[in-house]
Each structure stands twice: as structure tokens, then as C-alpha cells.
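Fit chain B to the given chain A structure using the hints.
Taken in sequence, the protein lines are chains A and B.
Residues 3 to 248 (the numbering used here) are what the first sequence spells out, left to right.
Residues 5 to 257 (the numbering used here) are what the second sequence spells out, left to right.
Honestly, the hints are just simulated from the structure, not real lab data.
Where is the CB? At the ideal position from N, CA and C, for every residue including glycine.
Incorrect hints may have been included.
Below, a sample of chain B positions facing chain A; criterion: calculated Cβ distance under 8 Å [stated by the list, open to error]:
#1 Ala-76
#2 Lys-78
#3 Phe-88
#4 Lys-132
#5 Gly-135
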Amino acid sequence: MNILIQIGKYFILLSKVFAKPEKQSVYYKQIVKEVHSLGLNSIGIVVIISAFMGAVITLQTAYNMENPMLPLYLIGLGCRDSMILEFSSTMIALILAGKVGSSIASELGTMRVTEQIDALEIMGVNSASYLILPKIIAAVFFNPILTIISIIVGVFGGWIAVLATGVVSSEYFIIGIQYAFIPFYVTYAMVKTVFFAFIITSVSSFHGYFVKGGSIEVGRASTKAVVYSSIVILLFNVILTQLLLS
Amino acid sequence: MIEAINISKSFGNLKVLDNISVKFDQGKTNLVIGQSGSGKTVFLKCLVGLFDPDEGSVMYDDIVFNKLPFKAKKKIRQKVGMMFQGGALFDSATVLENIMYPLDMFTQLSLQEKKERARFCLDRVDIKDAGHLFPAEISGGMQKRVALARAIALNPDYLFCDEPNSGLDPKTAILIDALIKEITEEFNMTTIVNTHDMNSVMEIGDKVVFIYQGRKSWEGSNKDILDSSNEDLNQFVFANNLAKQLKKMSSNT
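Pulled out of the complex, with its shape left as it was, chain A reads as follows (with noise of 0.2 Å):
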């Protein structure tokens, strides 16, 4: 009964989430902050895992190929499938669910203790729309520009990994980055990671907006934005792979 209670509630902030703005000037400001804070921060965290995730991949690859009737492009064409397909939207999703979730969480949480969301909705202004809808407006335009760096950031990081182990020529995995290549599946990344960004911001501002209490509670807030991002990011990630690749 209580999810039930939650999610409506959740589906109330998000009406008055999208309601109109109330000045846009102020909200176009607001999204370039958010912009930075949530994305332009994020780009060193993603170029870090992307690139050592890459190369993981690319070795666990090649020491898993063991048949020589294996062509040795696959491993270039394994690196850069995981990368696209799963790592660079799904991985990186949950990681910045873990940075960016709880950094919204927080925010919001200890707006609501310390009165500044009171004091936002006593000048008038409606507090859901102006502190949630950049979050949300900056996550999703700049979400897809992270899971394309994380991407060839992550195939470089292959490559890398093949020029120092040597387990494979440069050539072939070359080679395997650019065999038999679909396009479809970097939109199919793009739609999840578009989902995603939108679940990152909106659940954890629910957990950081209706906190009670004091820091102790933020925290949990904070903690508690993780936990259901996570999970609904893996949810959804199972119900759009079946609706889009099936």
C-alpha cells in the first residue's frame, strides 16, 4: 500500500514539476548551473571508468578466446558492442545515479530542512518546478553526450590495452571496431540513456524534496535516491531492451 502512496505522490511532484514556468529567464539560467553540475562535472568520473572498462573488456575478451577458429576481430568487435549496447548507458547510468542521485538528494534534502524550499513557496514561486526541472532538462540533453564520450573513450581504452599486452595486433582490432557495425544499436543507447537520466533526476528529487527531519534523514534520503534509481534504471533497462532489440 505504501509504494502505491509513494508513487502517487511521485506523479503529483512531476505534474508540478512540469507545470509552466514561472519567469523563463530564470529558468534557462538555472539549467545552464545544472548543466555544469550535473554533467561537465560528471565528464572526469566517465572518461576514468569508460577508459579502464574498455580495456577490462578487451583483455577478458581475448583471454576468453581460446579457439583459433575465432577470427582475432572479435575482440575489437566485442570491446566496442559491450561498450555501446550496455557499459556506456546502463554502467554509466548507475554510476552517476550513485554520484549525480545522491548530490540531488541531498541538495534538495537540506533545502527542505534548513526552510528554503518554505521560503521558495512563500515568495510564490513553485518550488518542484524551479529546483527539479533543470535538473531534469540538463540531465537528459547532456546524459547522451556522456554515454557517446564513455563510448569512444571506452574503445579507446581497448585499444590502449591492446598496444601494451600485445594479445591481440592493432590491426585486427581495428579491424573489429569497425566489422559489422549498426548503427541502431547507438540509438538504442541513446533512448536508454535519455530514460535513464530522466529516472537519475526525477527519483532521486523526489527522496531529496519530501524529506522530514533533520541531517540524519538526509542522508537516508541521499541513500534511499541510489537505491530506487538503481533499481528503476534496471527495471527499465530490461523493458526497453525487450521493446527496442526484440
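This is chain B only, laid out in the frame that chain A set:
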């Protein structure tokens, strides 16, 4: 003028406000006093619309505020300034940006005009050099002043202050009280202050409403308090020895 008519509010089985009726006049500093947990913060939140009363009406001049639709309420709220107990300043913005925020949101002023208005408000609360600082970089007393400056930025008709003196030393508390009273008279606002600071009551209480266990127990001016025969009020106001002596002296003269 703000008027509460038969306001009641419960949370679950707990009745926090019980049938409170009171009128707050324009141009006067109206104080709501009571012990912690007496319901005065809930009362204030009902007046500003953060809580909807279960029964009764909140009138802003001739308008029944609590029955208005969301959009109409928003319009009235633009005439309301509120100073929160903790200041409720936006951490990520400087002092000047905090004061400019309502101007950004609800006026068509140019950037220069907004800055001028914000500086005027800062000057009005005597901290004109703090504009570039962040809330975390200023003292509690200064935060209260900034909160007051932000509350008056849009030149509101109604000013609410929730425990403006909490956590302040007596000297700063007196300064904040004086500011609230001056600003109320200068801009002819209807000001309602929630407090349990007796200095404030005696200094600025044009009208004082005492809430006891969710009910209005007494109302009058700060001068009437000394002669009041209300037991609950006397126990609250004259709780310490110094105050008891004062009361004794007052009754002897």
C-alpha cells in the same frame, strides 16, 4: 490587515490549534507568543499558507486567502515577506543574489535596478558591505538581517517573522527587533512576529497574542501584560525571578 477566524488544525489525533480568532492590524508589530510546542509556528504557517487549516478562514484584507485557488494564492504571496527562524537563505547564492532573487523572479527590472534595490535593502538593515559574501561566511545575526532584507525586497504588504531572535545575543536581538518595528512603520506593513523572547514583547509588541495549548488565551498590548490576571500568561511571561520582581513592583505602584 490579516485576520484569522476560528482556525483549527490537527495532525492525526493531535489538535494543535483550537478555534483561534484574532485580527492583526496594518502598520503595527503584532506578536504571537507562547511556550515551545504551544502551536504558534503551526499558526504562523497556517497564516502564510504553508499549512491549510482544517477549519476556519485566513483573511488578507477582504480576501479569504486559504480558500483561494493555487494561482490566486501565488499572487497574494508575492505581497508577503517572510523571515524564517534559521534565515532560510540560499546557500549557493551570495547575500546580494539572495536579496535579488524575488526581484529576478517577479519583476521586470533591469539588472542595475535590481542591484540598486538589493543594495538599498542591505543598507536598510545596516550590512551594505556584505553583498559579496555567502551565507556561510556571515554571522547568525547578519543572516537574520539578510533574511529581513530579502523579505522586504519586493516591498511587501505583509511581513512574517518566525523567531527572529532565536540564537542571537541580547544586543543583536534588540537591534533586529528595532529593525522590524522601524520597517513595519516605515512601509506601513502588517507584521506578525512569532517569538518567546520577552524582550521583544516589551520592546516592540504593539499587539500581543498569547497562545496556550493551541488556544488563544490572551490578547492585548505589551503594556497590558503587566496588569494581566491571566494565570497561564503570567506563568509564561514572569517565569524568571527578575520578571517576577518587575511584576511585583508593577502591582505595588
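Hint check results:
Hint status for Ala-76/B relative to chain A: violated, with the closest Cβ pair at about 11 Å, above 8 Å. With its C-beta approaching chain A no nearer than about 4 Å, Lys-78/B sits inside the 8 Å limit, and its interface hint holds. Interface hint at Phe-88/B: satisfied, since its Cβ lies 5 Å from the closest Cβ of chain A, which is below the 8 Å cut-off. A hinted interface residue such as Lys-132/B counts as satisfied when its beta carbon comes closer than 8 Å to some beta carbon of chain A; here the least separation is about 22 Å, so the hint is violated.
Here the hint on Gly-135/B is broken, as its CB sits about 19 Å from the closest CB of chain A, past 8 Å.
Hint compliance for this structure: hints 1, 4, 5 are broken, all remaining hints hold.
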